[in-house]
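Could you build the full structure based on these sequences and the hints that come with them?
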Amino acid sequence: MKAFVVAFLGSIALVSALQASPTLERARQLERSGDAVGARAMLAKAAQDAPEDVTALAEYAEFLDHFDDPQCRQAYGKLLTLLGKSGDRATRQAVARRLVMLDLLAGDRAAASRDGEAYRAAGGRLELPLAAGNPAGDTKAYIQIPGPLRSFARMAAVSTDNAMDDMMAALARNVVTNGYQASHSNEALEQTEYLKLVHRYLSQARELEKLAGAEKVIKVDSCDSPNAGDLLRILGYRMRGGCGSEVVLETVNASRAFLTTDSGFPLPELEQALRTNRPFSYDYHPTRVPVLFSADYWLSSREKEGGEFIDVFLSDPALCRLYLGMSKLDRTTAEELRKGVPVQRIRAFAHVLDFFGGMFEIRNGKAVVPGGSRAAGAWADLVGAPPDNGVAFFEKLIARDDGWMASYFDALSRIQGPALNYLTEPARLKRFYAAVRGKVTSPGPARPVFRSNADMMLLTTRLEIGPDGKPHIPGSLDIWKNLFVDHPHGKYDGKLTKSAAGWKDADDVLEALFGLCRKAVENEPLKIFMALTDLDRDRVKPLEPDTVDRLARAYRYFGSQFPIFNEAPNLSDKSILLFLDTAESINKIKEPLLRADTAGTMQALVGLWQIFIRQGSLPLARADATFSAILAPFVQVRNDRELFDGGRNGVKLLLEATGGKAARPQERMLDLLAGTSDAADVETYTQVVQEMTRVLEAQRIVSLDTLLEVADNLDAVARGEKPNLALLNGLSARVNEIQLPRASLTTVEKNALAFGYWTERHVENQRRINLRAVVEKAADKEKVKEARGLLAPFLRDTLVAYNYAHYAPPGAQILYTNPLFVRSHDFIGAQGAVHTWRTTELFGTGWPSNGGGRLVGSLAGLPYALAEAEQNFLVPRQTQALIWGDLVPQMMLSATVPRWWRVTPVQMHWVALHIRYAHSLLAGAALDPELRREVLDALSTQAVPARTLRVGSLLAEGQVKAAVEAVTPSELFAVARLMAARQKGRPGPLLAEIERLASESPDQVNYRAISAAFGTPKPTLANSYRPELLSLRTFPTLMGYSSRIMAESWESNTLYWATLADEMHVPPSQLNVRIPEWTERLVERIFASHLEDWPAVLRSLRLVGEDVRAKARSPLGVEQKAALE
Amino acid sequence: MLISRRGFFGAMAGAGAALGQEGQRPVFRIKVDMVVLSFTVTDSRNKYINGLKPSDLRVFEDGIVQKISTFAEGTKTPVQVLEDGRTRPLLERPAENAAKPGLDVRPDAFVGTNVFVLFDTSNFMYRGFVYAEDAIADFIRGLDRADSVAVYTFSRNLSRAALLTRDRSEAIAGLRRSVAGDDTALYNALLLALRDAAKVPGRKVVIVFSNGPDNASMVAPDDVRAVAEDEGIPIYVISTNEVNKDPISSGVFRRIAARTGGKAYWAKTWQKQVEAFESIREDLGNMYTVTYYPQPNPNEGFRKISVEIASDVAKKYRVRCRPGYRPRGGF
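Chains as they are written, first to last, in this note's numbering: chain A, 1 to 1125; chain B, 1126 to 1456.
Simulated from the structure, these hints should not be mistaken for laboratory data. Treat the hints with care, as some may be off.
What the hints assert, rightly or not - Quick list of the computed label-pair ranges, beta carbon to beta carbon: (1) A:Q687 - B:D1371: 42 to 48 angstroms; (2) B:D1187 - A:E776: 28 to 34 angstroms; (3) A:E1077 - B:N1424: 34 to 40 angstroms; (4) B:D1437 - A:A716: 54 to 60 angstroms.
What the hints assert, rightly or not - Stretch-level coverage of chain B by chain A, calculated; a stretch enters the list once three of its residues show a Cβ under 8 angstroms from a Cβ in chain A: (5) 1296 to 1303; (6) 1340 to 1347.
Predicted, not measured: the structure shown is a model, and the values here were computed from it. Backbone N, C-alpha and C fix where the C-beta goes; we use that ideal spot for every residue, glycine too.
Dropping the structure here:
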């Protein structure tokens, strides 16, 4: 083996620098084909067969490194020993350094020191960073809370999984959001029951603490000892029965007993001790909780005399808000503000700091501003203080315009690239802010419960800047002028209507949109602008101005349908307009049941078209023609027969366009819905199909085969042939299985409630149908032909059911329990409100007197609505936890909408390599300050300053494992991408492998392909269900969207699952069943404290990963796997 | 608060997979192999009738008489009913029984009852929360040694506070760990409890302890009831509300209890709750459980079950059992 020196980055690239051995070539072939296990075995055998062969061992070690295999360190260790004999110092250095990095990643400091010695022995220079955690160096301030943390956390609704440093901030948030409510009697705030209970608990805890004495241990020696009575009195219980085995504790004081049980006091243990007459002992030391700065900073001198810190803190929501705001700043910035701004002044703007302070950054005394030095002057003019004086700048910023200035700063701080350059051009920066500010600044965006600058954040984040550096205006400027001047639904804004006539360029439109961001009511123009920008974003050819105009004007009624057009970038303007024509003509159908069936059938067919396009079963080249051909018959539906024919035509078109082998329609449809019919992984494919079949069966859906055969038979009967009675009887048998919704409301009540009326008519009509009788009684051939119209409602349900079955979320229950769930889909909605083209919504929750919840509206938002409906059937693992209502549906749909049949092993490995490369960079950054600066710079494009700084501190302390855990998988992926480009050509086993794959498989590992394969659907952010990676900063909760946008900005799950699957050598095809399963477990393990607690998601993600690893690597798991293989 | 509960105030026993053919695709249909039927027999004064033997009973499905496979009374050891009507202890020949489809691998599967307690810990129960806990704890302590108990709590979501166990202290510890707060999704939780119970072999019951209102369920009570009916799981309901206060919930409780072979109680006070639990315990102790493999029956829909007492010539006895089931494995 040739010697080489590659110590940069502390990495090695033994293999990449050498001619690969024939064994490695063969192993790579196996890996490419998806047989990583075989490749590993081959390399392991080669290393085993030639224990003195450095190349064989190096190839094996690097292979293990590429897959984050736990044996990797051992293999490198052996290699190091072997190299020791060869005397190749440079290589020894490289291997030893790599080992140090892997040790740090594993959190094994002892091994890192040992391997560091080896590195130094080989001539390398390495200073291991000093580990933190030395109590002598602990400069944090602490406060005390009586009793154990667990009990307090239960009462205060804070997750005990939180880092101790974050405990007070989480508490502050709960007090701010849940602790106070408007008083019924006056204008003051009064404490909620939640906060009253926390106070009562503290009072009880103090009594217990007193009982615990100086040792702070509650002790009861025996059942009849005097302190048993004292303890029980405090706890609110008493003994029933005399001492001995009959003792039972029962409530005597309900208020106290509630606190006892709700705070998790070990009552069963106490009861058991009393019963067995054994001593009871319970550690009751108070909890020390770190507090920012010091307790003195937060309290006035009067407050200091008023009681313990925790009591004052809980009693003062403004103080909590300030604490929350300061906790979001990075430590340097917070410290500067603490020193430079009087607490009373900053307290007055705590709400602004809380919502918009997260991106504030003071470095070397200067404020970091969006747009950098070019925009510094403009910021100085806007704020009234120069960024060079960081403290004064931010002090003025938070006080300016009731928070509007801070919200503008925050929105711009979160973006980068061309949009940032454009928006921070000094003149424009001022102009757009003037539009945002308006004349009256109150109420500010930080006044409501959620940030009310959602529209501004969406506009700045999703603004499309063209190659010419100008923003993309869909259609033409005139369209937007006209929209404001002459809008069919009335004026948006009187002033803008006047000024619009004089608009000359894109800036004018944007100025108007910024101005409208202030509006408390729905900002329709912005939504139209964003929807149409998103439509144009990936289109082969931008939309024609006329199409844009029509879409803009139709947005109010059909805007929910626009994501459909995003499914195929080559969809023609003509087809889009045809869709609108069709929808409008369906609206004109007077007979409600026919209208509902027509809308349902048409939407279900379009839904199937979307699914097939997304999964690649329907070639893009045929997308447009198929789409318009499906729609054509629905433009004019006059009766059920025409509707059935339209539906049948749609099915035929879809089956034709998707090609494939000839099969029965139902079977083919299920193949297509599953995602493939040519899966090599038959087991996974069968599982997916079976799940869908179960849904169809549970919903008593009439098979497509039966419907088409019956229709054909009716045509044959009309031609004079005999009816196929077996077929008709089969249909009747199926119809008989349909039952009416089990409701306890009267028809009159239902009519009054409106929702559900038409769906019950729909079900009732189906039950009444007796096709055989109709055929037998038909007077002429025409009547027989007409009879196939009776099948139209069944066809609607079958097609709708395909959509439901495809999107069935993990852990679904309703689909298997309520046999009328699909049939009850209400395409009409309540009287007076046309829901036919609105997004899918959930109705009837918690209404036991109806037939269960149901979905209302179009099928446009079906994946989300289904996930929303089914989410509460997941069972949180932690007693205190609940399913995170706003976040979970998005996570579930991210696990069901994308399918991974076409993902290649190379693509999955590519993602995993990036994540591992990022790990490696972080480890390297702990050893190399220069690299640390670069890595943190890359990370700062994704993470907020406070976390970037925290990661930096952890790395400086050598706490690499903790640093890695503080970074999300999507951030790791983004950092790796950025750094891989910057470090191109530099040595390192992971980077070399990334570069090898990039050169070998450019069509598979280009960003577009990876984004489509491992991205998530973003119906709110990107107006599309097409999976993609946007690499955005994680959004906060926003007014009007709650956590929905935040959930969509969370892209880590799939990237993490792909990495996990790669590590476990799970074939990509299995992601189709593993990802839904893992996601279900992820959701059940989340134990969050508040609506922005994404670290709780990260913890849960890693816990599931650990479980999967442990199971796969347990002796039993390995044995089973071996047996299967 | 949406993520933590504390943020409030602000069977068909054996199932085998059969491979069918529909077109080219294998379709898996779950066939019912064995029906587990639990029932109580009372006289005209509502006194339990004990000591009946398999030969005293005739079980019908849609009027077709069924051949009883096993028989158990209360917590006594179950017996296998042989072809000639004789009986022999079931537990003595586990290996032989294990070969028979539908008989679970656990030899003592039919000894005692698997009791699933479903405790409403939502906002609605705040006031009576601790008393309810006491009453449930007393009930658990008083269960027969052969019985197993699981404690589930629910508000908007279900929590499996204590998995099925014969260790009473474990169950009570789980109960005492429960956290109060949030919305009520009673029927969602009941469905999940039934799904869990359905996976357990042997006799099982679900006891719901709630005050009634539901403001978060997605499934309708009758859909949940149908699951219990099909799985042969009696539902007992203890409502802490007054019967007339919430007529809709009361009606639903009455219906799901009656249709599954359970009972509904309205017990606002702690004393009444204890009495209700006592009554349930008594019911369990006096319950007969038979199993049988259904005789050929073309009815794929709802099959009506009836039990006759051969020795009851005057027809004075009252048999309380589920009215029937649908022969399909839902899950």
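**OP:** Could you tell me which of the numbered hints above are not met by this structure, giving the numbers in increasing order?
**Re:** Every hint satisfied by this model.
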